[in-house]
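This is what each chain is made of:
Number of protein chains: 2
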Amino acid sequence: MAMNGVVPGSRAGAAVAPFKMDKAADFANYFCTYAYLYHQKEMLSDRVRMDAYYHAIFRNARHFAGKAVLDVGTGSGILAIWSAQAGARKVYAVEATNMAQQARKLVEANQVGHIVEVIEGSIEDISLPEKVDVIISEWMGYYLIRESMFDSVIHARDRWLKPSGVMYPSNARMWLAPIASHVGEQKNQEFQNAMVDWDYFNQEMNDEYGVDMSVLTTPFLEEQRKYYLQTSLWVSLYPNQVIGAPALVKEIDCHLATIEDISSVKSIFKIPFTKGQTKFCGLAGWFDVHFKGSPIDPADHDVELTTAPMYDQATHWGQQVFVIHPSFDIQDGDVLQGSMEIVRSKQNHRLMDVTITHEVQKSEGSASPPVTSFFYIE
Amino acid sequence: MAMNGVVPGSRAGAAVAPFKMDKAADFANYFCTYAYLYHQKEMLSDRVRMDAYYHAIFRNARHFAGKAVLDVGTGSGILAIWSAQAGARKVYAVEATNMAQQARKLVEANQVGHIVEVIEGSIEDISLPEKVDVIISEWMGYYLIRESMFDSVIHARDRWLKPSGVMYPSNARMWLAPIASHVGEQKNQEFQNAMVDWDYFNQEMNDEYGVDMSVLTTPFLEEQRKYYLQTSLWVSLYPNQVIGAPALVKEIDCHLATIEDISSVKSIFKIPFTKGQTKFCGLAGWFDVHFKGSPIDPADHDVELTTAPMYDQATHWGQQVFVIHPSFDIQDGDVLQGSMEIVRSKQNHRLMDVTITHEVQKSEGSASPPVTSFFYIE
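Keeping their order, the protein sequence lines are chains A and B. Numbering follows numbering that gives the first Met the number 0, in which position 58 of the first sequence is assigned residue number 57; successive positions increment by one, without gaps. Numbering follows numbering that gives the first Met the number 0, in which position 147 of the second sequence is assigned residue number 146; successive positions increment by one, without gaps.
To be clear, the hints were calculated from the coordinates, so they are not data collected in a lab. Note that the coordinates shown come from a computational prediction; the quantities given were computed from them, not determined experimentally. Treat the hints with care, as some may be off.
Copies of the same chain look alike in the list, so a pair counts if it works inside one copy or between any two.
To be verified - Cut-off 30 Å, straight-line C-alpha distance, at most; resulting in silico cross-link-like pairs (BS3-like, lysine-lysine):
#, residue 1, residue 2
1, K89, K104
2, K225, K104
3, K89, K186
4, K345, K104
5, K361, K130
6, K186, K104
7, K269, K225
8, K161, K274
9, K89, K66
10, K22, K225
11, K22, K269
12, K274, K130
13, K130, K269
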C-alpha cells in the first residue's frame, strides 16, 4: 500500500550533517525527565510495554542464559533485572541520569547484584570490559523516533555488540493512517479564540497605553497557528476512528540501520478510505517493534509491541496526530494520496519537522488540489 | 513587626560563591519562555503591572525628557517605547532572546525608531556608546527574586548608570503572612493518593513481573512529598484569606543593593493572628516595588506596584504559598513566631531553597513545638 520514495525538493539533504547539542542544554531539555521516579513509574505502569518486553525476554531465555547483556538507558533497571532473572551471566545497565542510583538499589534488593552492573553515564562515554551477546533497550519515543534515542543504541551496537549478537527489539515500523476525530475542530476553535483575544488585547493596548501592537499580529498568529494547528497532538485513539488502511512509512532493521538511515523519513502513500460519509480531519502516526532475534540467531518466540489504536491496550505512547485543515468530507471509494517527510529540527535533534502533502482522489475521478502542511513533533 | 536577623546554623554561607550556569542550559531552562509572544502578551495583559509602569514613567516624565535610558530585558519593547514617548533623547533596549526582533518592529511601527535602539544580547555582554540617566526594568519574578534577574540589572547599573542616575523601580520589598486556604489540604490529598497508587503499583510489579520495587518506596515518597507538599504554589489569594499582619522580610534599595545582598533572605518574624477560630495552613509570600526616584533626584510622583492579595487587582505574579503541615487551629490572641531563610538552589541559581521554622504561641502562654520545613521555589 505505501511505497517508500524520495520526494523531490525535500527538506532532507543528501547527507545528514552531524549535530551535537550542548550537553548541559541536552540535559535541561531532555534527559532530566528520566531522573524522576514518577516518570519511571509511568513507563513501568504501561502494561502493554511491560508485557511485551517481559515475554520477549522470558520466552527467549535461550538468548540470555549464560550470556553478556547490555541494557542501554536502563532507567529503573527493569530490563536488566529481567535479563539476569532469565539467566544472563552478566548485565551492563547503563543510565545517563542519577536514576542509575535507584537502579542499583533495585538490582541489590532483587538479588541480582552479582550479575547486574549499573553504570551511570552516557553510553557514548562509558567503557565495558567485554563485548556483549545481547543489546536490549526501550528507546522508542512518540511516533518511534522522537527523542532520537536510537542513535545511542546504534552507537552501542557498533561499539559493543559481538558479530553474532542479537538486538532486542530487532525491528521497528512506523505507520500512518487517516482519522476522524474532534480534536482538530477543538484545536481550530482554540486557535480562533486566541486570535479574537488578540484583537481585544490590541485594542486595549492602543486605547489604554498608546501603543499600536498591530505589527505583531502576524507573528502572533504564526506562533499560535504553530502551537494549536501545527504541533502534533498526543491522542489515544479508538480503532473506529481510523478511516483508512494504515500505510507503512518506515521500516528499521535494528541490526543494520545507520544513524543516517534513521535520521529522516521519506514516504509516499496511497490509502483507500475504509469508511464513507465521514470527515477526514487528521493523520495519525504510530509504531510497532518486534523481537525476532537476529537473522543468524532468530528468537524462539517472536513478540510484538504495537502502539496502534486498540480498544483495550492503550500505551503511554498514544498516537501522534497531525491535524488536517480544513477537514474533508469523505465518500465511499475515495482514496487518500500523498507523501510525508520527517527530518530532525535544526535547533534540537531530538525533535522533528514534518511535511505532509496530500490530496483526496474522489471515486468519480476528480481529485482535490494537493495541500502541503508543515508540522512539528515537539 | 518583622526583624531582619541571621538565623544560626543557616544554609547560607558567609560569602556567596559565584555561580555561572552553562549558557545553553540557561537558555533551555529560563530564557526561552520569553521568546514567545504568548508569554509577552500575558505580561502585557497584566493591568496592574502595566498601569504601574505607565504611571511611573509618564507622571515622572521629567526623569525621562531629553535623557538617555537603558531598558534591561525589553521583551516586546513596551517600557522603551513609553520612555521614548515620555521624551527620552535615546533609549537602549536590551533583550537576550530573539523577541528583540519583534521589539524592533514594534518600535518602528510606533514611530520611535529614531530614539529607541533595540540590542539583541545579554546585558552582561553588550556595549553601549554612553552611560545612561535612567535604568528601567521589569525584572521581578515570583516572590520577587525567583529568576534572579535583578543580578543582571545590578550589572547594568554598575556598568552603565551615571552617578546621578535613577533606577526604575527604586525599591522592592518582600512580605510574608499566614493564610487560610484549601490548597494545602488539596495537595495533601493528592500526595496521599499518589502513595496509595504506589502501593498498588508495587503489588502489581511483584505479582505480574517478579520484581520487588519496595526499596524505591522511600525515594518515591520523598520525590512526591517534594512535588506536592514542598514546592511553593502559585495562588491568587483574596485578602480575607490572610489571617495575620504581613511581616516585612526583605528590603532592597535598587540604587545600592549588591548581588550578595539579594542572593539570600534571612528574616525572623512575629505575627499576631488577626482572625480567630480559623485554620492556619500556609504562609504566603508576595512583593511590592516602588518608583521613588533616587535620594538625590526623587520622583515627582511616587508610584507603587504591589502583588499583595487584593479583591480587584490580581497580577500574573499571584502569591507564592508554602503549605504548612499539619494545619493548625488558631484562636484569638495567638501569635505566629518564626524565621525564614531563602538561598539559591545549587543546581540552578534562578530557583530557590526555602527554610521556614515556626511555632504558634497560644494566648494562654504555651507554645507549639517549633517546626522546621523545607520548600522549593521551582
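Provide an ascending list of the numbers of those earlier hints which the structure does not satisfy.
Of the numbered hints given earlier, those the structure breaks are 3, 5, 8, 11, 12, 13, listed in rising order.
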